[in-house]
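A.B. asks: Protein chains in written order, with the numbering used here: chain L, 1 to 201; chain Z, 1001 to 1586.
No wet-lab data here; the hints were simulated from the structure. Keep in mind it's a predicted model, so treat the numbers as computed, not measured. Please note: incorrect hints may appear among the correct ones.
Chain L regions said to be covered by chain Z (calculated; three or more residues, Cβ under 8 Å) [as the list claims (entries may be wrong)]:
| no. | stretch |
| --- | --- |
| 1 | 93 to 102 |
| 2 | 146 to 153 |
| 3 | 176 to 182 |
| 4 | 190 to 200 |
With a straight-line cut-off of 25 Å between C-alpha atoms, the simulated SDA-like cross-links for lysine to any residue are [claimed, not checked]:
| no. | chain 1 | residue 1 | chain 2 | residue 2 |
| --- | --- | --- | --- | --- |
| 5 | Z | Lys1490 | Z | Pro1442 |
| 6 | L | Lys89 | Z | Lys1227 |
| 7 | L | Lys168 | L | Leu60 |
| 8 | L | Lys89 | Z | Ala1330 |
| 9 | Z | Lys1012 | L | Thr161 |
| 10 | Z | Lys1227 | Z | Asn1313 |
| 11 | L | Lys35 | Z | Asn1333 |
Idealized CB from N, CA, C, for every residue including glycine.
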Amino acid sequence: MLDPKTNYYRYRIFYSKTGSSRFIGHLDLQSFFNKAFKRANLPVAYSQGFNPHQLLSIALPLSMGMSGKNEIAEIYLTLEIDTKILVEKLNKQMPQGMEILNAELVPSVGKSAAGLVNAAKYLIRFPSTKFDENIIKSLETTDFADKIIKIQIQDDIIAATLYAGSAKNLKPQVLAQYIIDSLNLDIEPKDIGYERTQILI
Amino acid sequence: MYNDEILLRVDKPARYVGNEINMMRKELNGSQARFAFAFPDVYEVGMSHNGLQILYGLFNRRDDVYCERVFAPWTDMEAIMRDKKLPLCTLETYTPLSNFNFIGFTLQYEMTYTNILNMLDLAGIPLHSANRSDSHPIICAGGPCAVNPEPLAEFIDFFFIGEAEEQFDNVFDIYNQMKGENFNKQAFLERIATLDGIYVPSFYDVIYNENGTIADFKPNNPVAPAKIKKVIVKNMDNVYYPEKTLVPLIDVVHNRVALEIFRGCIRGCRFCQAGFIYRPHRIKTVETLYNQAKCLIQATGHDDISLLSLATNDYPHLEELVDKLNNSFADDNVNISLPSLRIDAANQRILEKVQKVRKSSLTFAPEGGSQRMRDIINKNISEQDIFDGARLAFQGGWDRLKLYFIIGLPHEIDEDLTAIGKLASDIVEIYYSLPKENRRRPPGITVSTSCFIPKPHTPFQWHPQHNAQDFMDKQRLVKSNMKSKRASYKYHDADTSVIEGTLSRGDRRIGSLIEQAWRLGARFDSWSEHFNWQIWQQAFENTGLTLDFYNYRNRSYDEILPWDFVDVYVSKDYLIKESENARPKN
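Next comes chain L alone, as it looks inside the complex (with noise of 0.2 Å):
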């Protein structure tokens, strides 16, 4: 059977989601877009079947609390519509804190976002301390070692481009707290603040 889904306009938005909206859990965030698009009166593509559900997919979870600078959603819609115009008539419908930043026609067949991540860019904060190089150097011998792209330090910021496809992923949480057990760093993990700069696809 032809896939519905050729009929329909894949639109590939990418938005903010900070401040109070960090506190979105990943369920909910679902169910906010379904209701934002139906305020935006845009034709939205249903699923076939018994329960129809929207045909949208949110790449790579967020973590409760953390801010998301440039996150990638999909959204299958029955009619084309210019980006400019979407972008707008979503951004009429968003808390503060959620904002969408831009959006793309993409194939409508082919792999989600969801399933294209491969890997993500973070920042993390640890509350009053100062790193040296010499934390990178102790990374490089961990299990982990291979999950990480790129790793950078300023001041109390780790700017960290880990893994997030299927195959190989590290969770940022996992990084800071290797790094907060082998430098013996009072802090809290609840304290360290998390930044998702980039989703890589």
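Following the hints, put chain Z in place on chain L, whose structure we already have.
C.D. replies: The following block gives chain Z in isolation, referenced to the frame of chain L:
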């Protein structure tokens, strides 16, 4: 906003950040009356409450009022707030409650009363009205439990009894005339005390007999009326209804468009307080409901419309309404749900229309296990009606049924309880009597019992309530007669029901019990994980108040009941007549 140090340490931080869709943002210009709508339960419960949505919109439609929200912080948040000495704040502007002109508590169920005291305390506001000055917020309360306001009389400056849509504008008008540097709370309360539905407890004295019953209840202020008349909306089509409602950013108990199809109830079930206090029966037209649904679907993006009322069956144009909603919204993938719809021949078609695919479980509420008991409580439904309904449900493809009963009702005998299991077995039999092609899988019948709580303004308000041991014996009797393997039994905690009974029919002295229980640590008493019987037992001991007096004794018809001064438009004579009619004939 609370900072991350706090928010990342609590469960569901979104409870405390606001920012929902359609949240009201107003520029504070110093001239608005600031009202904190306080829901004394957790965020997800409060945000599911339609009354909050109505009042939030009603109050905020005025430029000279800013209504914000506050919910009871969950225990993890409370611990942090107390540790760091953070005051309780509203979600809209993170303003401490003590800076508001009004704090209005909604009284949806009695087991939230300790949370009210806890919220006042977390706000740094003295609990007792008598200890508050003109600069403290005015503490008010309303909602169904306000039909017996006395247990909270010491803590609340004024109660509003009835439906706010018709009266609250007057309260704000008077406040805005009188506010300012020289605001005098006493003078304000005297002005509003003359309005229908407003009860100012400090304007009344209660005198007790030696046996503890009330000898007299009378005004001590010339402006205070002897009786407080419930305020009702006369025309449901003209009354305010929000055009947009708050849409939470996290999952809550009910996340949907709520359409209130009517108020009041035409049934006269004698145990049911809602059936008496919301009278008379007033419907909205299909046209009004359709327009409201259209507006709300657009403003919220919800995919579910729920028709709310005390008994959906009694809406006279149900099929027309369901058709109209279905025709208009089904293409937009909007579902219509009909909670509290009883299946019968007349509405089977309607149910088919709204639940085309997903057949969730259906609920029946016979309330009484035997015909004898259903007659006592005036539940006008026969065993045949129940069986017919079950058969229709099974034929329609539903194979999960929930049956609700009440145990410990007045005049109950063991046979009324053993009949519950028999009824469940008979319903299972009906399932197996259907042709095989109608039976996809074994049926599931869930029987639930709640413990009877005599409520004010009902014909059973004079009856004693059973003690927890009796209730547990009754639960055992029901369980041991639950013979079918396809029927399971769930029951409501007896201890909680006993305390609810005390608070429901309490007088002013019960305020000290609530305060004691709160001081001993009672919070979220409606949550089984938090309810603590020992605390309440200790509170009874410390205050010298007794369950014998409040729960277990028979009240006589000529006793002055604490709530007699509240006129809900159901006369005491009528209630006495109904109480007598309930007596078994033999």
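A.B. asks: Hey, L:Lys89 versus Z:Lys1227, does the alpha-carbon distance stay inside 25 Å?
C.D. replies: Judged against 25 Å, a Cα distance of about 54 Å means the pair is violated.
A.B. asks: Are there three or more residues in the stretch 93 to 102 of chain L whose C-beta lies within less than 8 Å of some C-beta in chain Z?
C.D. replies: holds (count 4)
A.B. asks: Check whether the Cα positions of Z:Lys1012 and L:Thr161 lie no farther apart than 25 Å.
C.D. replies: 29 Å, violated
A.B. asks: At least three residues with a C-beta closer than 8 Å to a C-beta of chain Z: is that true for the stretch 146 to 153 of chain L?
C.D. replies: violated (count 0)
A.B. asks: Please work out if L:Lys35 and Z:Asn1333 have their alpha carbons no farther apart than 25 Å.
C.D. replies: 12 Å, holds
A.B. asks: Quick check: the stretch 176 to 182 of chain L, covered by chain Z? Criterion 3+ residues, Cβ under 8 Å.
C.D. replies: violated (count 0)
A.B. asks: Can you confirm whether chain Z covers the stretch 190 to 200 of chain L, using C-beta to C-beta distances below 8 Å and requiring at least three such residues?
C.D. replies: Check passed, 3 qualifying residues.
A.B. asks: Holds or violated: Z:Lys1227 with Z:Asn1313, Cα cutoff 25 Å?
C.D. replies: 34 Å, violated
A.B. asks: Run the distance test for L:Lys89 versus Z:Ala1330: straight-line Cα separation, threshold 25 Å.
C.D. replies: 23 Å, holds
A.B. asks: Within a Cα-Cα threshold of 25 Å, do Z:Lys1490 and Z:Pro1442 meet the stated pairing?
C.D. replies: 19 Å, holds
A.B. asks: Does L:Leu60 sit within 25 Å of L:Lys168, going by the straight-line distance between their CA atoms?
C.D. replies: This hinted pair holds, its Cα atoms lying about 13 Å apart.
When held up to the earlier numbered hints, the structure conflicts with 2, 3, 6, 9 and 10 and fits the remainder.
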